[in-house]
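Asks: Assemble the whole structure, with the sequences as input and the hints as a guide.
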Amino acid sequence: MEQQIGLWVGAFLTMGIISFLYKDNPWYKLTEAIFVGISAGYWFVALFWDNIVGKFWIGVFDRGDYYLLVGAVLGLLMLMRLAPKIGWISRWPLSFVVGAISGFYLLNYFSSNVMLQVQSTIMPLFSPQFNDPLFTSSAGNIISNLFIAGGTFTGLVYFFFSKEHKGAFGGAAKIGIWVIMITFGASFGYTVMSRMSLLIGRMYFIFGEWLNLIG
Amino acid sequence: MRNSRVKVNGLFFVLISVFFYSGLSAEEPLIPNPEDTTKICIPRPPTNVLATDAVYDKGNVVNLNWVPSPDDNGDGKILQYQILRRLENDSVFALIDSVIAGTAFYKDETVESGQTYQYMVVAICDGGSGPSEPSPPVTPDMEWLNFALSNIFVIGLLICGSVIYFIGKAKSGRPLFIRKIAGLEAVDEAIGRATEMGRPILYVPGIQDMDDVQTIAGLTILGRVARVVADYDTKIKVPVSRSLVMTASRETLKAAYMAAGRPDAFNENMAQYITDEQFGYVAAVDGMIIRERPATTFFLGAFFAESLILAETGNSIGAIQIGGTANPAQLPFFVAACDFTLIGEELFAASAYLSGEPRQLGSLKGQDVGKALAMIAIVLGAITTTIGQAWNFEFISAIADLLNSLFRTN
Chain F
1 MEQQIGLWVG AFLTMGIISF LYKDNPWYKL TEAIFVGISA GYWFVALFWD NIVGKFWIGV
61 FDRGDYYLLV GAVLGLLMLM RLAPKIGWIS RWPLSFVVGA ISGFYLLNYF SSNVMLQVQS
121 TIMPLFSPQF NDPLFTSSAG NIISNLFIAG GTFTGLVYFF FSKEHKGAFG GAAKIGIWVI
181 MITFGASFGY TVMSRMSLLI GRMYFIFGEW LNLIG
Chain W
1001 MRNSRVKVNG LFFVLISVFF YSGLSAEEPL IPNPEDTTKI CIPRPPTNVL ATDAVYDKGN
1061 VVNLNWVPSP DDNGDGKILQ YQILRRLEND SVFALIDSVI AGTAFYKDET VESGQTYQYM
1121 VVAICDGGSG PSEPSPPVTP DMEWLNFALS NIFVIGLLIC GSVIYFIGKA KSGRPLFIRK
1181 IAGLEAVDEA IGRATEMGRP ILYVPGIQDM DDVQTIAGLT ILGRVARVVA DYDTKIKVPV
1241 SRSLVMTASR ETLKAAYMAA GRPDAFNENM AQYITDEQFG YVAAVDGMII RERPATTFFL
1301 GAFFAESLIL AETGNSIGAI QIGGTANPAQ LPFFVAACDF TLIGEELFAA SAYLSGEPRQ
1361 LGSLKGQDVG KALAMIAIVL GAITTTIGQA WNFEFISAIA DLLNSLFRTN
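For the protein sequence lines, the chains are F and W, in the order given.
Residue numbers for the first sequence, in this note's numbering: 1 to 215.
Residue numbers for the second sequence, in this note's numbering: 1001 to 1410.
Mixed in with the good hints there might be a few duds.
[Stated by the list, open to error] Below, a list of computed lysine-lysine pairs in the DSSO-like style, where the Cα atoms sit at most 30 Å apart:
1. W:K1169 to F:K85
2. F:K166 to W:K1180
3. W:K1235 to F:K29
4. W:K1169 to F:K163
5. W:K1254 to W:K1237
6. W:K1254 to W:K1058
Note that these hints are calculated values from the structure, not bench results.
Replies: This is how it looks when you write it as structure tokens:
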């Protein structure tokens, strides 16, 4: 019985969201309000139990990790904005979060997005095999390696902001944006196909689980 | 009939027994001779067991080396080596793992920093074992500096040094050239359009928290947009999906309205928290777009599966749309559905370009030095690697190796 109720509520809400394809309507508004309200409430409870109870309370009072008190103080400072006279104090924890996180991620981004990218692009243009004579490289191999090295180089030219895109530099930047757009095209097709599988999942729920029209 | 089958089966059993008994008695004695070592396996133990603390780790790895048993010569006599470990004060060694014969190295990644351990390696054969002497004690510890990554430090120092240099240059008042970014040229025009039409502006700073640099970039651009919005007295709405982003957005808006000399026009409800749930947030923002029909929408920050849903809804009401993210999988959707797109780093460059603020401009120029270095390394590296490998020029190969090691990350 409970399963049946859940099925009908799920179908009702799914149809409510899909009805937006026609136009904005009360059914969609109701579904939207339920979705937003329930999810906001759910996240409030989940974050409370996960962060305040699970990490802070148990961490400090059960495990004795007193350094977590620093986070608690910063969290309390955030609430200072409720008092207009001392509301400016709430900027401190915010500054701390932004500054600390920027610093923390600097090295990660630098090594993965810069160092590793450059190292992976330093490759032989004609042959990936050690001591393989130049002449034995296949055409596909040569094109592939040239495309990777050339595409990365021209892509970097496009993102170089200190020089106007004119002349040979502009030409390289144009090739760079073409490479980027070709990549986007491939990525677009790939992602659309993955979204189709989500749609098929919802359709299966409606026509299979709810209406029993497909086995 | 039944009796004859019993007789036949009995005869068969006797014949088989005689056959096997005669075979065994000829080849293998039933009671083994204690002096016959080929029958009782007692392997000679591994020697020189040495446990060392792994360098440049978090203090959670010990490397174990040993000289294999002399009986481990590939004939299959030694089946495996068992790795035993104990804390220095414990009396008993406990089995932690085993490795195949022929191995002389083991990496223990289950130790705790600051504890002292001893190891023993046991050679195992069929029916017997040969334990080594315990290794000298080892105390794994974390190193404060990882000198193996000093190349990252040097390149980082070079780029950061350039950033500091250009910030100083910008502060001294000397002009720094930044090329035009197409998407940003349209910002003022888009805000002006909303003002003329008397419709609001919708600004979405992504769906990630303040720990994402894209959100920070999105909020920086929000500051500039809000400043123009305050000047034009246009309405702006900033729906967010994270509580911290809501606080930061309100601060940004407030600062922009103050800077524009319009603190009275600032209202905290301009930035609203919706929900952390990705698609709940999307449902609400879609509803907002359809009902309030903003003339201009900005989607600048970290986006995921919701990017196309938001941009397509904005497109359906004919809003001028400026999208931007550094998430490569979502950029195609913004390119398809928005009028202007800030691709990847353009999002980060945008705030510097718009503000003209010396620190941001200097930072952008410093990053360009890094890009120039990367371009040189790619061209030089590809050429030297190709020539070095194709014609075996040692000197050229050495340059290629040097470039490779300069950009290694481990």
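Asks: Now, for every hint given, state plainly whether the structure supports it.
Replies: Quick rundown of the hints versus the structure:
1. W:K1169 to F:K85: It is violated: about 39 Å lies between the C-alpha atoms, which goes past 30 Å.
2. F:K166 to W:K1180: OK: K166 of chain F and K1180 of chain W at ~12 Å, within 30 Å.
3. W:K1235 to F:K29: holds, 23 Å
4. W:K1169 to F:K163: holds, 17 Å
5. W:K1254 to W:K1237: Cα-Cα ~13 Å, so holds.
6. W:K1254 to W:K1058: violated, 44 Å
Of the hints listed earlier, those the structure fails to meet are numbers 1 and 6, in rising order.
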